[in-house]
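Chain order of the listed sequences is A and B.
In case it helps, the numbering used here puts the first sequence at residues 1 to 199.
In case it helps, the numbering used here puts the second sequence at residues 1 to 410.
Since the hints were derived computationally from the structure, they do not count as laboratory data.
All of these numbers come straight from a predicted model, not from anything done at the bench.
For glycine and all other residues, C-beta sits at the position ideal for the given N, C-alpha and C.
There's no promise every hint is true.
[Stated by the list, open to error] Quick look at which bits of chain A chain B covers, simulated, 3 or more residues with Cβ under 8 Å:
{"id": "1", "region": "22-29"}
{"id": "2", "region": "61-73"}
{"id": "3", "region": "129-136"}
{"id": "4", "region": "148-154"}
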Amino acid sequence: MAEYPPAFQELIRAFRRLPAVGPRSAERLALHLLSAEPAQSQRLAEAISRAREVIHPCPRCGFFAEGELCAICADSSRDTKVWCVVAQSSDVISMEKAGGFSGLYHVLGGRLSPLEKIGPEQLAIASLLRRIEESAPAEIILALSADVEGETTSLYLAPLIKKHGVKVSRLATGIPAGSGLEFADRVTLGYALTGRREV
Amino acid sequence: MTPALRLRLHQFRCHAELELHLPTGRHFFFGHNGNGKTTVLEALYYVSRLRSFRTALPRELAAHGSQVFRVEADVYGRGAAAAAGSDNDGFYDADDPDKLCVTWENGARSLLLNDQPPRLAEFWGRLPTVLFEDGDRAIVTGPGAGRRAWVDGLAAQRDPSYVALAQRYARALKQRNAWLKSHGGDRAVGDVLTAQLTGLGRAVTERRAALSRELNALWPSALAKMGVPSAMAMAARTPGAAGAGEEWDAADTEFCGILYEPSFCVDRTAAAGGEACFVAREPDWNSVAGAEHRQQVTLLGPHRDDWKLVLGGKALAKFGSEGQQRAGALALRLAEAELIRRKRDTWPVFLMDDVTPQLDDARRAALEAQLPAEALILITSPEDRGWARPGSGDCVWQVSPGRAELARWN
């Protein structure tokens, strides 16, 4: 039975290592690149290579930076007294797209998960505490997911941050927009009740 | 009311394509072994609970050589009225159906509810089902895990929000066990996980306690109706009572009931309106700290709950005859169906996979008498053993791979 040449198979394997790319998608991507103009593959290769060269974690917050600091830390108009702690750099983009927040960020690089062997040492928690000591923010918002891992990370961080006299808050959780009460479990409903607001 | 169904299968086990229109009532599926009778029940169970009762591996549900399968179920709201006769061949009323669709392709599952991707909790149990199968005796005699899974399945079908709660508890338990396996890891992380597990575990325990009380009220009477003498004695002793007592006096040799044995202690209080209210206590983690450290698993929590089924003052699992145990399991299933009906205001679909061979004529008749006339009931059997009677309105199907023909409508 005929197979793809070794170099082609290696290309498929490389795509498969990417998140959310299954065997069929990897094959389709490889076929597309090899059948398209060579310039397209070249451009992709150069874009990946350049991104790897120039992008690095911001030494202050951990978000993507091209210069010395990321665009947010370098922006003097941001409110330096309110910070938002997020798990991933992509969460910064989500928060910025949502608008309404003009403070600074701190990217942890994940969430506490003993199952995946992610403990406090694997996250940017020490750098967060150092940064708090140096800059003394007034409030830190924990913008972590409401699942077990996000909850664990929030509950772990809150007392550590409070020790520095900083106000700690969390994003409100509860009933998703457009969803019915009958599908909310008791814990979620509890959060929603706790975080209720006057209308 | 029980819905009527239109079921469509694509590359599901031996059925490359199969479409069935099922009005409310009893449907008998006859055919040789391997012709796909149980597969029809399995497909309905899958679209109801997103798993099979025959395999844990979804890829085994795909037809041989196929990397994809799909199950679609259109659930019509007023099946009973439709079955009695309507403008469209006596099958469906004009209501818009709830359209459920599960597709599995190359290891990935996707769901559609009325052509939109739903949240899992919105889909799971949307079509309530109760499965009767030969292996049900294991709920009575097997390890506690089977009873926990059964009670959780029932709780989730009664109340969709239980799915999310049980999933969160299971995830928190996995994380805490992983933390214990890391030899204690960071102590503060362990404390946070323990606090989460406690909160979620108490919520699960309280839900299970309330459900167990209702089960205990139904199971003895269902068992008595199955003609089990000890249960009949109990029913005769407490005529009209809601059910068995919740405390088992070991000296009471007529006692019949289901006793919930939770890992967390539960207090029962009276809420407003006289309803019983259950409050799970904060567990004493210190009492198991040493053992947890040695065994590296969580030793307290609902994952260690169990239920004791007692018949005639004795544990049914240990001292019951095989016939009593089978009757006990059937009574559990009947109680399950009734509890779903009470909460959802509709009977679940009864999926009965060749359950009659092990029953004598009297017990089979007793079971038949307990099946509600207004429910959708699917019964598989290699051959007609006398259930499908002329004039009863029963539908009799002959099943072969890719085909299900309505052989007669009695």
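Evaluated hints:
1. 22-29: With 3 residues close enough to chain B, the hint holds.
2. 61-73: violated (count 0)
3. 129-136: Contact hint for the region 129-136 of chain A vs chain B: violated, 0 residues under 8 Å.
4. 148-154: With 4 residues close enough to chain B, the hint holds.
The structure is inconsistent with the numbered hints 2 and 3, although it conforms to all the rest.
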